[in-house]
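Visitor: These are the residues of each chain, in order.
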Amino acid sequence: MSRNAGMLATIHPPAHPPTVWATATTYAGRTVRQFVRTPQLLIVNAVTSTMFLLIFRFVFGGAIQTGPVKYVDFLIPALAAVSGLFSTGAVGVAEDADTGMFDRMRSLPVPRAAVLLGRAIADTALITWGTFVTLVVGFIVGFRVHGGVLGALAGLGLCVLFAASFAWLQIFLGLIAGSAQAAQGIGFSVFPLIFVSSAYVPVESMPGWLQPFAENQPVTAMVGSVRALVLGGDTEALLGHTTSWFVVRSLAWSALILVLFATLSTRKFTKL
Amino acid sequence: MAHRGARCHRSLISSQRSSESGQLLTGLPGTLGRMTPRAAPNSAPTIEAHGLTKHYGSERKGMVHALAGLDLVAPAGKVTAILGPNGAGKTTFVKAVATLLRPDAGSLTVAGIDAIAHPEQVRRVIGLAGQNAAVEPALTGRENLVMVARLFGHTAPAAKAAAAAVLAEIHLEDDADRPVKGYSGGMRRRLDLGASLVGSPRILLLDEPTTGLDPRTRIELWESIRSLVAGGTDVMLTTQYLEEADQLADHIVIIDHGRAIATGTPTELKSQAGRDVVEVRVQHGHDLATVAEMLAPLGTETPHLDEPARRVAVPVAEGTASLAVAVRLISERGIELDDIGLRRPTLDEVFLALTGTGAPE
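Listed in order, the protein sequences are those of chains A and B. Numbering-wise (this note's numbering), the first sequence opens with residue 2 and increments by one. Numbering-wise (this note's numbering), the second sequence opens with residue -1 and increments by one.
Rather than coming from a laboratory, the hints here were simulated on the basis of the structure. Yeah, the Cβ is synthetic: ideal placement off N, Cα and C, and Gly gets one too. Keep in mind that a hint or two might mislead.
Unchecked claim - Partner residues are not named here, just some residues of chain B that face chain A (Cβ under 7 Å, in silico): (1) 54; (2) 55; (3) 58; (4) 121; (5) 126; (6) 132; (7) 145; (8) 149; (9) 152; (10) 167; (11) 198; (12) 210; (13) 214; (14) 218.
Extracted from the complex, chain B is given alone in its bound form (with noise of 0.2 Å):
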């Protein structure tokens, strides 16, 4: 939780990213007195989208909708995840937002400007790092950042300045004048991100910042994305992992199939969607049903069996209390186990909680 509270220095807004669980910041003690309040003259949505439509394709050929009336809002000051599977339209929004496309209908606002009318004003006030890491292998780091601080506007030493802070915010310094051919894939990711900071933008889009990394270099990534929102930024990010969104989001829009189906504070939405889930790994096949018929009453919902795995599954409303129940009747009775614990919804139980279907895919 270190990295909530080294966020909350800016602004009284982001302080109350700490509110997830559940209190309300109308007035903070001790540390909120040193905090400076951030540049917001208003507090209208960073991203409000209305109705926003894009399909793809032809009637004949078959219409693919990206997006079907997706209505959203990214409040400003907080940091907001866009989650879903693939193919539910999270990249066709960014792009929208990006304008890298036109919405067939709807509204969209970006920072208070209309993104369909003026899109050329809102490539102002935004700085997109897209899906993959759109960096020049052949050119080193900072010539990368130089690059794009002069395509932000920069003259030539305003633009060597931005990159040497950028620099190090990503410690990238060691390596800033090495050939990008050179870099790790983090290392490519977290270059990508800065060079959408050179600009010092007021709102950051991450496309699936993290999507092909490994686990360890995730992490990394998330400790820079956490501490360029330090720094103030609004960042609307997308992402397939409901641990992601956890980490890095304080309000998050699930959607699927172009459509937002839930919105809500991480913990608001663990709570509606995705119980805490226990999950039995039993030596014996023939056990399996007899767990469950265990298992049914400390359950929210029917325990699910997945029978070559030997495992059942059902979401809990009490957490570790219900794990050690669980523990306590299974014991009893004798019966041996591989395996039993307590484990968060995965993605597919959060859309099976939401809409009745798995995600899709």
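Next comes chain A alone, as it looks inside the complex (with noise of 0.2 Å):
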């Protein structure tokens, strides 16, 4: 007993609570890592979206009309940039706000705002995973680039900082679902978004009272910016617009969804 005394007395308490960027980097590790080892996770994500994504190619694809593009060059620049929006991101906060990992994270001496950081960069970072996945996937099913490097890295690079906005709102719907399963129904909520946009078909085929929402709401400016950049000047015409109209709302509602429920979260996370 007094053997063991002596191995915890060899512990001598920290000088200094952990930084922002320690306990960030800390909490991302873990949240990479269970994603990671977790064969569920990693597949699920992986098989939901390629499923998705062969669904569209070769059943709906034909009967989608999208003028001089291709169907599968219109499609996958699209999945690219929304694939945040299928991500289990709300699962997993719901998930360690139940198992009790906020409340031991919340009573350790950590800055509370970098836990959410944390998990913010690895929801990121799997996201950024997915779009990856999408893309290999896409282009064996036939998917090119018709708007040379820079464009392409452009593309990528938004999809990355929507990845971003996309983890934040995950966050925050996933620390006002109280449960696992909500968090997973809550993460439904937000396919209106996806479909009622311009991501699987062109906004024109939709009906007239449709159209401008699908027209004006945020995953029709980041599908359109994407795809702008990736397919080239050319698909301008079909788009209606200029590919720097399509990149400034992008960004617009980027940073938008990244402030708003990054602020929502950090308070309701924070809070006493």
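Given two chains presented individually in distinct reference frames, assemble the corresponding complex, making use of the accompanying hints.
Guide: Next up, the structure:
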């Protein structure tokens, strides 16, 4: 017994509480490892998004008119842009609340906001991984870049930014859900945003009353900007706006979503 | 009792733990000589709450008074158990001490720090093990401990060293590098306990550390807690089990409806609240009333009859002596019994004695 007490006595209380960065990276590291080591998460995520991709590419795609642009070229940039809306980030956050992980975090001398920052960093990385899977499968089924290397890189950069915005949205949904099951349900609530947008079909094919919403909501701007950058200027005619029109709008939307949900989530999490 | 002796080796203060049986330790001979005084700058209580109040809900929808003016002192150098039924306010109190929630009213100091004004300072001196083992199943035991150690503020090498020391302490070295998802419930609880220790906290908060564990695992976890206590950490734990409080604590606070209703050492509380109970199960239901009548003079209260179970229970002052008398009286009358014995009071009976009503729920 005294030997054990001696071993514990070798631990000295740390001189300083952890920094924001140490806290964020520690928690992000745990979240990424959790994802990578949980086959259900890794496989289910990849399979779901690939399934959507293949169904639209081969089942619905033939019936959707996208003018001079091949449907696969129309579809893949859009899926890459919105992978964050398909992520299970909200469920992960709700689970951490359920299992007492957040209570432990909040009882530690960490800067509380840094915990969510770490979660957001991890979730952004995981969403980006999903984007990568989408692009690989996309290339296999015929997708090609037409807007040059710079355009493609810019498009990819935007995808990562959107991923960060959606990561914060998912964190907020997870925090208000109350349980993992509820978080799963709430996760579906973003589906109208995905489907009533130009992600899968051109907005012009929708009924007139739906078009104003579809045209002006964030997903359409995000999808449009990535598409325009990746496919090149020739597609501007099809998309109805210039590349910069889409890019500026998507940046504004993405910044708004990120700031709004980062603020709301952090307030909810740090509040006593 | 071996563990109590083991606990004592650290300090004069913790040596008072062995004074439960009554005698006050002002200067103990022998074993005390090699004790190193523990870092206890003053004997200010570890945790002190006055008039602590926390409501949930709203006037309109109905209020839940989780804490209704709780007054509580956890003395320094002792293991304090907060004992109460479900819904008594135990977890709410632990959360207030762990700065997970802010009380509506009252004062709360933890290690001399005003927990309401300076929660961030409190977080540097506490370690919390909550009700559900908050460990990450996908990580190994060691990775879990290193993660929490980093979050306490340790550098990476210090975190590794702290994790290794704690793994030895909680006897999980052999399983340290396996993912926690393969651990048993008891191992997870031990790891959770360990996680609360990697920052070398001054105060350990354990919220129902053994709830949901089978009896054997519970006893193993008690052993772990005892050996941790031997290391000199102050501990406040909550429990629904009188036996657990009795086994682990030097100081018990019984709470109900968000208020403290009794305080003292296990011995004090038992003599005050729960006497030993002589319990008799008769073979034939028609003997029940006769037996109750015979036992009445021995008891400190009216015997309690449980007709469907053919059982009579009566709290007695003299323990074994009363049992011997009861056995003699009953056998003289030739009444056939299924069972007779002396048992400790249940939490429900303690509540009955203290409040006049049974434990809620």
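Visitor: Against each hint, give a clear statement of whether it holds in the structure.
Guide: Going down the list of hints, with the structure as the test:
Taking 7 Å as the C-beta cut-off, the interface hint given for residue 54 (chain B) is violated, the closest approach to chain A being about 14 Å. The closest approach between the C-beta of residue 55 (chain B) and any C-beta of chain A is roughly 16 Å, which is over the 7 Å cut-off, so the hint fails. With 7 Å as the threshold, the beta carbon of residue 58 (chain B) stays out of range of chain A, its nearest partner Cβ sitting at about 21 Å, so the hint is violated. Nearest Cβ of chain A to the Cβ of residue 121 (chain B): about 4 Å, under the 7 Å cut. The hint holds.
The restraint placing residue 126 (chain B) at the interface with chain A holds, with a minimum CB-CB distance near 4 Å, inside the 7 Å limit. Restraint check, residue 132 (chain B) versus chain A: the minimum CB separation of about 4 Å is within 7 Å; hint holds. This hint holds: residue 145 (chain B) has a C-beta 5 Å from the nearest C-beta of chain A, less than the 7 Å allowed. Because the smallest distance between the Cβ of residue 149 (chain B) and any Cβ of chain A comes to about 5 Å, under 7 Å, the interface hint for this residue holds.
Evaluation of the residue 152 (chain B) hint against chain A yields a held restraint, the C-beta minimum of about 5 Å falling below 7 Å. For the restraint placing residue 167 (chain B) at the interface with chain A, the shortest Cβ-Cβ distance is roughly 5 Å, inside the 7 Å limit, so the hint holds. About 4 Å separates the beta-carbon of residue 198 (chain B) from the nearest beta-carbon of chain A, less than 7 Å, and the hint is met. Taking 7 Å as the C-beta contact cut-off toward chain A, the hint placing residue 210 (chain B) at the interface is violated, the least distance being around 13 Å.
A cut of 7 Å between beta carbons decides the hint on residue 214 (chain B): the least distance to chain A is about 21 Å, and the hint is violated. Here the hint on residue 218 (chain B) is broken, as its CB sits about 15 Å from the closest CB of chain A, past 7 Å.
Of the numbered hints given earlier, the model fails hints 1, 2, 3, 12, 13, 14; all others are met.
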